[in-house]
Structure formats: C-alpha cells, structure tokens
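Enquirer: Residue-level listing of the chains:
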Amino acid sequence: MRPFSQGPPTAAFQGYPGRAWLQYRARVLVECQQLSKTFGRHRAVSDLSFTLNDGVVTGFLGPNGSGKSTTMRMMLGLDHGEGRTLYNGQQLQEHARPARVVGAHLDAKFFHPKRTARNHLRMLAAASGVDERRVDEVLDLVGLAEVARKQPRGFSLGMGQRLGLAGAILASPSVLLLDEPANGLDPQSISWLRDFIAHYAGEGRVVLVSSHLLSEMQLLAKHLIVIGRGRLIADESLEEFVARSTRNDVFVRTPNSDALIAALAERGVAAVREGLGISVPGADTEMVGAVAFACQAELHELTRRTASLEEAFLEVTSQTQEYSMGGHDDAPAEGADR
Amino acid sequence: MKAAFLYEWRRATTLRSTWWIAGSAVVASLFFTWVAFKIETSVVGGSDGPPAVAGKTSFAVIINSMQGPYQIVTTVIAAFAAMSWGHEYRYGLTRVTFSAFPRRAEVFIAKTGVVVLVTTLIWLMATGASIAFLKAIDTTGKVNFDFFWQFESGVGANSGLGAQSSVIAFTSYAYEALLRSLAYLLLLVLLVAAISALTRSLPLALVLASVWPLFVEKLLLMLSQVVSKGRLGWLNDVAPFDNAERFVAWRASYDPAARPSDVAGGYAPPGIEHIITPWRAGMVFALWAVLLTAAAYLSVERRDA
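Chains as they are written, first to last, in our numbering: chain A, 2 to 339; chain B, 44 to 348.
If we strip away everything but chain B, and leave its shape as in the complex, we get (with noise of 0.2 Å):
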C-alpha cells in the first residue's frame, strides 16, 4: 500500500499542471481577498455582517465575501482531481500502473487518498496565504483580527465578551464557513475523481465538474418546475450540486432567524419550504460523492484496463 501512495504522490507531484493547480488556486485566493479587503473594508464594519467593533471590520465578514468567488477556487482545484484518473486514462497509463500493481483497489485507494491530500495541502495553502496576505495589506488596522486569534486558541466562544457576542457568533460561523468550505471541497473532488474514473476523460470530468452545477443543473432543475408545476420540487432536495450550494451558502448558518427557504440556501421556489438543513444539505451531496466513488471503484476494478 506504502508503494502505491509513493507511486501516486510521485505522479501527482511530478507534473507541472499540479503545481500550476496549486498556484493558480492560491493566486485567485489571495486576489479575492484583495477583492473582498477592498470592498468590506469600503463600509465600516462590513456592508453584510455585525456591527463593528471599534470601528473595525471582523475579518470573519472578509470570509463572508469570499464565499461566491470560493467556488471559483473549488472549480481550479477540482482540476487536479479530474487529472488523477484522466491522465491515466488519456495517455494509456492506466496499463504501466495496472501492471505495476494488479490489485486495483490499492492504485484507488493512493489515488483517493493523494486527491484528498493534496486538496487538502492546497486548500490550507490558499487559505494560510489569504489571511496572511490580509494582515499584510492592512496597513491601517481596519480589520480586527481580535477574535481570529482568540477562536483559533478556543476562547472566544466563551470569553465573556458580553455585548461583543454577535460579533462572535458571526467569527464562529465564519469557522464553521472555513470548515464547511474544506468539507465541500474534499466531497467536489471526490466526486470529479470519480466522473474522470467513470468516463476515462479529462475533458469531460472537467467540463461536467464546471458545466453541470452551472447551467445544466440549474436549468434541469427550472425546467422541471414549469413543466411539473411544482409537483417535482423534491429534485431540489436530491440535486448534487444544488445542495452543495445550499451547504456552503453562508446565510445557511449565521442568520437563525431565518426561514427554512433562508436557511435551505434561498433557492426554493414560491411556496414550497425547504426542510434541508445546510448539513443534511452537505449529506446529500456527500451521498452523491460517495455513490459516485463506490460505482467508480467498481467502474476501475472490473473493467479492461
């Protein structure tokens, strides 16, 4: 087993399109941050979050802002996974590797586990990189950083900070943001590994990965409410990708006032109420994920190389 993660990290990282991958994911971080910095720090305390705190902006509404062009970095990195299996299968590869180890499982295991390695080194990189460059950029002081550092030591959910809570509250929805978006992440790639699997194609892995959630989705999901006049409404709640959304959505979490059409993520249509909670909502799409990688594993174990 040992060898075939040596075997896969080798091929991972010997190839110049996954330091790119990385790069790439790091740089669009690090320009959203800008992007985000310059706005919310335009509006004193953030035009979409607490009050500030000593006229302030928490850094936690600079999370907030990055949640849109996030998926734009998810979508890059989703890159790599699709390489994992459409390299192998574009350049005949899968035959050297085969060879090199006859009991597939272990090849799709290392795989498994390197995407999801390397993902998640990528992720913590672009995610490091940002809030470092964030603190570079604030030459003035305008973000507070306070409750960063004080969620990081665990404090801050019970420092006593009393009329500060909401700006608390919000810092550890901004956590539980982070984490959601790494969860996200790690199911995105999962599941593009898988297609690239299921299909033995880069291109298609990649334009599925980019193009399905999208238009495709979305469209199938609009047409199937004019057509059904509501009556299929239940797709929402079983569409990948849609839940997904609804999972990384942010007011998911911070607003609990929220209705349940709020809290599913906004994207039901008139009168019919969502009762999918942004964590069911990331347990469908882990579904799709895991069905997806168990019907590719199966796909890699049974088919002619």
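One chain only, chain A, in its complex shape (with noise of 0.2 Å):
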C-alpha cells in the first residue's frame, strides 16, 4: 500500500472539465434543528440545534456517549428521531442527488470483506452518477490504488479509513461529515488528511469532523460543537472555547511573591502558589505586570500559559461524563478518614 497521495490535496476535488455540477460551489448551510433521539429510556440526543458554515473545518466533541455519532447519523437520516437536518434549506431527501451533497465516513469497517476496494466505489459511484475514472483518481489519492482489485478483508483499520474516506469524497459533496477518520493513521497519513480537509473545507465546503484525539483536532478545526450527555455544550471559535478555560494564567516568578499576591487580593484578583512561582488564573501579563510594578515585586519570569484544546475540553465536560473510567472517583477524599 501506498502512503496518501505526495500530490497537492486540492487535486482531489478539482472534478471534471465539463462536469458543472462539481464546479458548483454556491454557499452551503447546514442547520441541525432541535434534534432529539431516546433509546428506551435513555435520552442521546436532547434538544440539539447548530449551524455548520462553509470554508472552515468545525469540529465535534463530547465524550464517549455524548451522543456524536447517534447526531451524525440523525443528520443523515439514518437514525429516526425528533428534529430536522437542513442542506441549503432543504432536508437531505428532498434533494434530487443526495450522495452529491453529503459524503459521509462514519465506520471504518463499512464495507464487504470480499468485495474489491475499486468495485466497493463503483457501487458508491453509481448512486451519485460519477464515472470510473473518478473512482480510480480517488484510490489513488487516498494511497489505495495498489490494493484496488484485492478484498479488503485484509485490510487494517487504517487501510479501512483510507476507503472509507475515499467513498465520502468521491462525489466531491458540498457536505462531508466524517467519524473519527483518523483512527488507525500513521502520523504521515493523519497529516496527510488534516491538510487535505482543510483544503476540502478551504474550498468552500462544510466539513464536520468528529475526533477523540483532541491535539489533532487543535490543529484542524476552526470551529467547535462540543455536546456532553446529548446536549449543546458549546457552540464557537476554538479560540474561544479555550480561551474561556480557567486553566488559562499568567506564571510569575518572583523573590516578593507575598507582595505580589497581597497587591493582586487588593485587586480582587486570585492567585495560587505554584511550585517556584505563583499562578493567576484568568489574568492578563498587562495586568499582572502592572501590579508587580506597582509594588516594587521584582520578576524574574512573567508568562501566559493557555490551556491545551484537551484541558479546556476535560474542564467543560468533566460534569458530562456519561462512561468515566472508576480510579479518580474511588480514590478516597483528601482529608477523608483513613
């Protein structure tokens, strides 16, 4: 098996000469509205309402059980339920060629052992109406071309991926909506795939990306849904989403800490002891620069320390949980009796 396409990824949807239905890029909408799905007794989905946007790549969170796969599937129809999914005002039934607006890679096993990757896509293409030389432009690109005739019933979860992207994007959909594509990837395939929907989504698309490896999703998304127990947690620039953690501070180091933390209590600002320095959750360097000026504290470092995408993550979901693994509740209590 080859490795992902050396090519420039905009070579992949760049479509056929003459072929206007893929040179069609008019703005695209997704509007997810008041979706809510139960299973017996067990709500997954409540009450949830988004909007996608076109040209960037927005990425979906929450934790295991959140209920981000039973929304993608929601939004494409396949699980029924309350709500409605909307593609450019019209829900995706009612448009004329469904696979030609939304591509979808939900599983990475999704397919017949025993039949071809290159026949599996001929299938797919049939349903969106584009020809063979498509379908072997995209095993090529997604690195599968050698593989193209052999079952995939030997394939590894990478090599899973790689066909299961490569049906999503075969029709060049306005809408691709992906399931943690890069599990199984080497780290040559998962940056392959990062530039390659970012360019998709740089082209005017929407991509929606839902991913448990939250480094990776710092670096692709612009955007961010993130839904905790079925419910919208928040709905915003990454930026903001981190930029809202608490564990965003300002480190000081300085020989005059109690003065320095005396004059920020003045202030009505908290700062905490941290092994040679002190933290001051929330603050701004402007600010505590300021203070240290004001008196007399000599600094020795002053610096902004932004929480990770994971740590602001960990801090907003942490009350969502609905599968949390046992050894942090079970550890007794500090202080507790022993």
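The set of hints was computed from the structure by calculation and includes no laboratory data. There's no promise every hint is true.
Once the Cα atoms are required to be at most 25 Å apart in a straight line, the calculated DMTMM-like pairs of lysine to aspartate or glutamate come out as [said to hold, decoys possible]:
| no. | chain 1 | residue 1 | chain 2 | residue 2 |
| --- | --- | --- | --- | --- |
| 1 | B | 45 | A | 133 |
| 2 | A | 110 | B | 344 |
| 3 | B | 81 | B | 181 |
| 4 | B | 45 | A | 137 |
| 5 | B | 45 | A | 95 |
| 6 | B | 45 | A | 132 |
| 7 | A | 110 | B | 347 |
| 8 | A | 110 | A | 83 |
| 9 | B | 178 | B | 149 |
| 10 | A | 110 | A | 181 |
The following label-pair restraints were derived from C-beta to C-beta distances [unchecked claim]:
| no. | chain 1 | residue 1 | chain 2 | residue 2 | range |
| --- | --- | --- | --- | --- | --- |
| 11 | B | 156 | A | 151 | 43 to 53 Å |
| 12 | B | 63 | A | 35 | 43 to 53 Å |
| 13 | B | 156 | A | 65 | 52 to 62 Å |
| 14 | B | 330 | A | 50 | 38 to 48 Å |
| 15 | B | 258 | A | 196 | 58 to 68 Å |
| 16 | B | 163 | A | 39 | 21 to 31 Å |
Since the model is a prediction, treat every value here as computed from it, not as a measurement. Cβ coordinates follow ideal geometry from the N, Cα and C atoms, glycine included.
Hints given; two lone chains; assemble the complex.
Expert: Below, the structure is given as structure tokens:
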C-alpha cells in the first residue's frame, strides 16, 4: 500500500472538466434543528441545534456516549428521531442527488470484506453518477491504488479509514461528515488527512469532523460543537472555547511573591502558589505586570499560559461524562478518614 | 430511481457469491437433468407419464421428474435473495446505502427489482442450459422434443394430432409446471428477501428459508393435527410452504381426474378434503410473500439503520 497521494490535496476535488455540478460551489449551510433521540429510557440527544458554515472545519467533540455518532446518523437520516437537518434549506431526502450533497464516513469497516475496494467505490459511484475515472482517481489519492482490486477483508484499520474516506469524497460533496477519521492512521497519514480536510473546507465546503484526538483537532478545527449527555455545551470558535478555560493563567516567578499575592488580592484577583512561582488564573500579562510594578516586585518570569484544547475540553465536559473511568472517583478524598 | 437500480445491480454483481449461486443453480439443474434423463429413458415412455410416441420419452416426462430436485435448486437461488439485505446489515452497509439514498423506498424497490431480475435470469440460464444439455446427452434420440418445439411456436395445443392428444396435454402441463416453478421461485425469493430485511440477519434468513419449509412447518402441521384431532385442518390451507408445495406439485394439474385432496397435493390428512386448488394454493403463498414484503418495507422505512 502506498501512502496517501503526495500531490497537493486540492487535486482531489478539482472535479472533471465539463461536469458543471462539480464546479458548483454555492454557499452551503447546514442547520440542525432541535434534534432529539431516545433509546428506551435513555435520552441520547436532547434538543440539539447548531449551524455548520462552509469554508471552515468544524470539530464535533464530546465524551464517549455523549451522542456524537447518533447526531451524525440523525443528520444523515439513518436514525429517526425528533427535529430535522436542513442542507441549504432542504432535508437530505428532498435533494435530487443526496450523494452529491453529503459524503459521510462513519466507520472504517463499512464494506463487504469480499468486494474489492474498487468495486466498492464503483457501487457508490452509481449513487452519485460519477464515472469510473473518478473512482481510480480517488483510490490513487488515498493511497489504495495498488490494492484497488484486492478484497478488503485483510485491510488494516488505517486502510479501512482510507477506503471510507475515498467513498465519502467520491462525488466531491458539498458537505463532508467524518466520524473519527484519523483512528488507526499513522502520523504521516494523519498529517495528510489534516491538510486534505483543511483544503476541502477551504474550497467552500462544510466539513464536520468528530474525533477524540484533541491535539489533532486543535490543529484542524476552526469552530467547535461540543456536546455532553446529548446536550449542546459549546458552539463557538476554537479560540473562544479555549479562552474560556480557567486553566488559562499567568505564571509569575518573583522573590517577592507574598507582596505580589497581596497586591493582586487587593485588586480582587486570586493568585495561588505553584512550585517556585505564582499562578494567576484568568489574568493577562499586562495587568499582572502592572501590579508587580506597582508593588515593587522584581520579576524573573512573566508568562501567559494558554490551556490546551484538551484541558479546556476536560474542564467543560467533566460533569457530563456518560461513562467515566473508575480511578479518580474511587480514590479517597483528601482529608477523608484513613 | 435509475441510480438506485444501478447501485443495487453493482452491489449484487460485484460479489463472487452471486456468481457462485448462479453457477451452482445451473450445475445442480444440469445434474438433476442428467439423473432424470437416465431414470426416465430407462423405461420406454418414462416412468410416470403418457404412453410413448414412436418409442420415445416425451421431454415433458423429464420435466416432471425434475419437480422434486428443483426444490434444492430454488433453495440455492433463495440464498441470493437472503444476501440482498443480509449482507447490508451484516457489514454495516445499510448506513452507506441509506446515506446515499435517504429515500429508502428507492432502495427497497431497487433491491426487490434486482432480486426478481437476477432470479429470473438464473432460472432462465438453468432451464435453458438444462434443455440444451438434455439435447446434447440424448445422442441416441430417446427423448421426443417435437412437442416442445411445437408448443414453443404455439401450434402444439391445436395441431390436431389426434391420438397423441394425451402427449400434447402432458406437454402443456409441462409448460405450466415450468411457469409455476418460476412463479414459485419468484415468490420464494421475495419472501426470503423480506425475512432477511425483517430479521436483519443473513444466517437466520438462510436457516429459516431452508429449515422452515423442510421441517418446522411440517412438524407444526403434524402436531396441530395430532393435538386438535383434525380441528386445525384449516392450518394446512394457510401454511405458506404447504401451499407452495401444492402449487408446484406436478400432479396438481396433470391428472384432471384426481380427487380434490390429490389436486391439493395429497397432503390432506384422512377425512379432510382440501378445497384449495393449485392456483389458489399459489395465491396463499403469494399472499404470504406480499404480506412479509410489506412488513419488510415498513421495517426498512421506519427502523434506524
């Protein structure tokens, strides 16, 4: 198996000369309106509404069991429930060729193990009306050209991901929904995928990516939809989401820490000792610097520390985890009877 | 709709199992043709049919002989129908398919259409190959094909053949039997496809399609007779495969002098006369196929993928 195509990602979706529909790049808008889904007594998705805009990659985050996959399935009409999803004002089934509107990759194993990779894509091509040249093009793009005529039963998880992605982008759809597309990919492939998705969105398409690889998401997404227990927690830019975290602070090292803490307290700013220095949560360097100057504190370090997406995510979703690991909760609380 | 048909056609024809099933059906049909040829030509005129004309066995006798083994061929072909939905659910492909075709009725119609089309093609291949094979192995001219060709051109029934009328009648029954075998096969594949959509399980659909008619239904009917002392005789009239057997049974239409119970396939317990004729039995089986297909459609339309 070859790696993903070494060519520029844009080559993947330049379409065909003369195929007007592929050149069509009107503004795309996806509106999810009050999506709700119940499995028995369990409310998997609850009154979830958000809008996806074109041109940016939107990250879809949430703890395990928060309803991300269910939401994506509802967006595609695979799961029935309340609410609706509009693609440019129409529900998916109202579009003449839905396969050209949305491409989805929900699982790396959604193929018949004995149907060759090429035939799998030929089958999908029938849905969107693309020709077989495009099938070969996409196989080459995702690095599966050499195994195109092989049965995918022996494919690794990463190869399955590539085949799923190939199927999703086959018709160059206006909207791309990807559920954990980077699982099982090697670092080079993840890097390629990141560039590819960014270019895809950059061409004026809507891209929604769900992933647990938060470091990847931080590099990829510009906008975030965060859900917990099926409810919307955040719908904002990645920058805004991270900036809201209480883990953003200013770290100060000074031999006059007592004086500085007292001066900050006088201004109603809480500061806590951290190792050899002081952490001032939610503050900015200008303010802390000014207070230090005013109280004659000598500064050896003044650093703004920004929370990572992971820290911000953990903070925001800590109360909404459906299934949590036992370790922390089981540990005896500090000060508890021993 | 055209896209859904093409999608389904490619889905079906890009799997080796489809070709294996088609090949197996043809090979099995050829094998049973050979067996029937050997058996029926060992007795002048055939073991069960009209008198021989010019010392030859009518090809219709061979068709008559094929009725039993044909059930095996139909079961093989039914596996194709089970795969239509079974494979999709087994490998999560329904999500891929329904993402591409959110109007699920299109998928359902396309699948049903392709199942019927492919089944008919396999039947035509198996039947055509068997007739050609029969001609090929009949090197000494033991089989009389005259009526076959006459009926094919539509002149057999009224060709004024006089003393050979019983052969002509028999040949017309042979044609009817052939058509009924196709009708039975198409109803069977619809029913099996519906079961695979309802159960979402390929193995379960295959097992039900083969075990139910062979054992389960017969056992249930037998037990019902024993327990109810005949009061549940009507179950025979509504049981799907019991009726299907009556529908395809050769004697049902061959022997006009048969008693109603014989016409019904001869499965009536003592003292119970079936009033269901073969074609009415076929209607009962068709009703089961239609009801299950309707239930399958509702299931496909309403359940989460």
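Enquirer: For each hint, tell me whether it holds in the structure or not.
Expert: Against the structure, the hints come out as follows:
Distance restraint check for residue 45 of chain B and residue 133 of chain A: the Cα-Cα separation of roughly 17 Å lies within the 25 Å cut-off, and the hinted pair is therefore satisfied. This hinted pair checks out: residue 110 of chain A and residue 344 of chain B have alpha carbons roughly 24 Å apart, not beyond 25 Å. Between residue 81 of chain B and residue 181 of chain B the CA atoms are separated by roughly 10 Å; this keeps the pair inside 25 Å, and the hint holds. Of the supplied pair hints, the one linking residue 45 of chain B and residue 137 of chain A holds, its CA atoms being roughly 23 Å apart against a limit of 25 Å.
This hinted pair checks out: residue 45 of chain B and residue 95 of chain A have alpha carbons roughly 17 Å apart, not beyond 25 Å. A distance of roughly 15 Å separates the Cα atoms of residue 45 of chain B and residue 132 of chain A; the hinted pair therefore holds under the 25 Å criterion. Under the criterion of a C-alpha separation no larger than 25 Å, the hint pairing residue 110 of chain A with residue 347 of chain B is consistent with the structure, at around 19 Å. With a CA separation close to 28 Å, the supplied pair residue 110 of chain A and residue 83 of chain A exceeds the 25 Å bound.
At roughly 43 Å between alpha-carbon atoms, residue 178 of chain B and residue 149 of chain B are farther apart than 25 Å, so this suggested pair is violated. As the CA atoms of residue 110 of chain A and residue 181 of chain A are separated by approximately 12 Å, the hinted pair is consistent with the 25 Å bound. The supplied range of 43 to 53 Å is broken by residue 156 of chain B and residue 151 of chain A, whose beta-carbon atoms lie about 30 Å from each other. In this structure the supplied range 43 to 53 Å holds for residue 63 of chain B paired with residue 35 of chain A, their Cβ-Cβ distance being about 49 Å.
For the hinted restraint 52 to 62 Å between residue 156 of chain B and residue 65 of chain A, the CB-CB distance of approximately 41 Å leaves it violated. Checked against the hint of 38 to 48 Å, the C-beta distance between residue 330 of chain B and residue 50 of chain A comes to roughly 47 Å, which is consistent with it. Checked against the hint of 58 to 68 Å, the pair residue 258 of chain B and residue 196 of chain A passes, with Cβ atoms roughly 60 Å apart. Range check, residue 163 of chain B to residue 39 of chain A: about 44 Å between beta-carbon atoms, so the 21 to 31 Å window is missed.
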